[in-house]
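Chains as they are written, first to last, in this note's numbering: chain A, 1 to 228; chain B, 229 to 471.
Misleading hints may appear alongside valid ones.
[Claimed, not checked] Derived Cβ-Cβ restraints for the label pairs, each shown as a range:
hint	chain 1	residue 1	chain 2	residue 2	range
1	B	V337	A	P120	43 to 53 Å
2	B	W311	A	P95	11 to 21 Å
3	B	R239	A	D223	21 to 31 Å
4	A	A52	B	A461	56 to 66 Å
5	A	R11	B	R449	43 to 53 Å
It should be emphasised that the hints constitute simulated quantities derived from the structure, not laboratory data.
Every residue gets a Cβ at the ideal spot worked out from N, C-alpha and C, and that includes glycine.
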Amino acid sequence: MSFSHDLRRVRAIIWKDLTTERRSKAGFNAVAFLGVLILLLFGFALGPDAEALREAATGALWLAILFSGVLAFNRSYQLELDGAALEPLLLYPAPRWTIFAGKFAANLLFVLLVEVIVVPVAIILFQVKSLAGWAPAMGVMLLGTIGFVALGTFYASMASRSRAREVLLPLLLFPMLVPVLLASAEATSSLLAGNPMQDAGAWVKLLIAFDVIFVVASFFAFDHVIEV
Amino acid sequence: MSHAMPLEAERLSNAIAKERSIEWLGAIALLAVIGAQLAGVLNSPPDRDMGHLQKIMYVHVPSAWNAFVAFFVVAIASLLYLWKGKEQYDLVAASAAEVGTLFTGLTLVLGSIWGRPTWGVWWTWDPRLTSTAVLFLIFVGYLALRSFVEDADRRAQWSAAVGLLGALNVPIVYMSVKWWRTLHQMQSNPSTVDPEYVVGLRTNGIAVLLLLIYFIVKRYRAARMERLSEHLAESAALEGRRA
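With the sequences and hints as input, model every part of the structure.
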């Protein structure tokens with residue numbers, strides 16, 4: 001029962017989840033297009049003024065990611081529950097954290113792929129002109145997504161098995177994500193505006209701290225939560 | 229855990245039978261709140277800028293302090309539940325969360341009422357106000373989770389995790405909202421409090437703390453009765469199946 005065995009289990013779960021997704025594609029297509037749709041709706045709500053759109057671009061992008069991505073997490077457990085597969089998965093003689101790690105990594109890849117579609121659409125729709133700091137901005141996106149997916153995967157392990165799961169997950173998740181939303185949106189917009197790094201630096205540190213705290217906390221708490 | 233149920237129910241009904249009345253604490257808390265309010269309102273001079281509007285501070289600030297006390301209790305009780313697995317910790321956490329949410333809501337409403345005449349707006353994106361609102365929503369989520377999960381073990385285990393993560397997030401939320409405001413160069417005005425008001429604030433803080441304890445104990449006892457009735461209903465259902 002060494003660590004390399006555990007890693008193999010994690011890889012198996014990632015592979016299983018992503019293969020299910022790749023074969024149906026229904027989930028991915030729906031989530032990605034919902035993201036694009038939300039961006040369009042934000043465009044309509046904010047009006048056609050190009051300057052106002054540019055100002056709101058990163059905030060709208062992050063809300064589109066949150067509102068569409070949140071649908072992926074319950075799905076990742078729902079597929080197990082529909083096939084009565086969660087119990088057998090728990091019966092395998094392996095530490096519980098491998099299940100969480102596998103689901104977390106698969107969901108992370110899923111949301112990052114959604115971003116590959118949604119981010120360029122946001123740049124075009126919101127007429128973002130300068131992409132000065134695009135490389136560090138992508139780093140910020142990745143950090144924000146890690147925090148989002150860690151908590152999303154964790155809360156979905158409960159919400160998906162409760163009554164009223166559709167409303168419960170965002171109700172639990174979104175208030176927790178306020179720091180992620182603020183830090184990612186602020187850091188991304190100051191980077192894209194070509195501001196010096198010091199503005200974004202504090203936000204990046206906050207994001208890293210958030211990610212470390214909540215990835216560790218959800219790994220530990222998952223053991224308790226999945227058991228019952 | 230269903231096999232241990234009759235024992236659990238017996239333990240609960242014994243505990244309930246042994247309860248002593250705590251109405252005296254409620255009476256003391258009520259008198260303390262009235263006394264501290266009167267003392268605060270009568271003894272403090274009108275504020276230079278706000279005049280007598282300042283008096284709302286004596287309800288607003290103590291309820292904010294005590295909301296934080298309540299959430300601290302939630303965090304500790306949740307941790308103890310995850311560690312020891314005893315049902316009473318879960319019930320303490322749930323009771324404190326409910327009372328804490330009530331006090332947070334009160335803080336927000338009072339802050340809003342205070343903000344209207346002094347700042348001219350019902351709401352301002354002040355770091356403390358905003359992070360209190362986020363805290364309120366985190367614990368509304370906690371209470372929603374509790375009401376959406378029927379199985380008692382599950383409810384206890386899950387809400388302990390959610391309560392702990394929520395408490396962990398409080399300082400991070402506060403810090404992020406604070407930076408968000410300062411980076412926009414809109415520092416909120418830190419009100420320096422005159423010593424004349426401090427005494428009034430502290431006595432009111434203690435009076436509201438008594439009220440908080442009374443509420444939590446009352447709620448805890450009600451929660452214990454709810455659990456007992458759940459246990460009895462469950463075992464009655466099992467009996468019915470056996471017969």
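Hint check:
no.	hint	verdict
1	V337/B x P120/A: 43 to 53 Å	44 Å, holds
2	W311/B x P95/A: 11 to 21 Å	19 Å, holds
3	R239/B x D223/A: 21 to 31 Å	27 Å, holds
4	A52/A x A461/B: 56 to 66 Å	57 Å, holds
5	R11/A x R449/B: 43 to 53 Å	51 Å, holds
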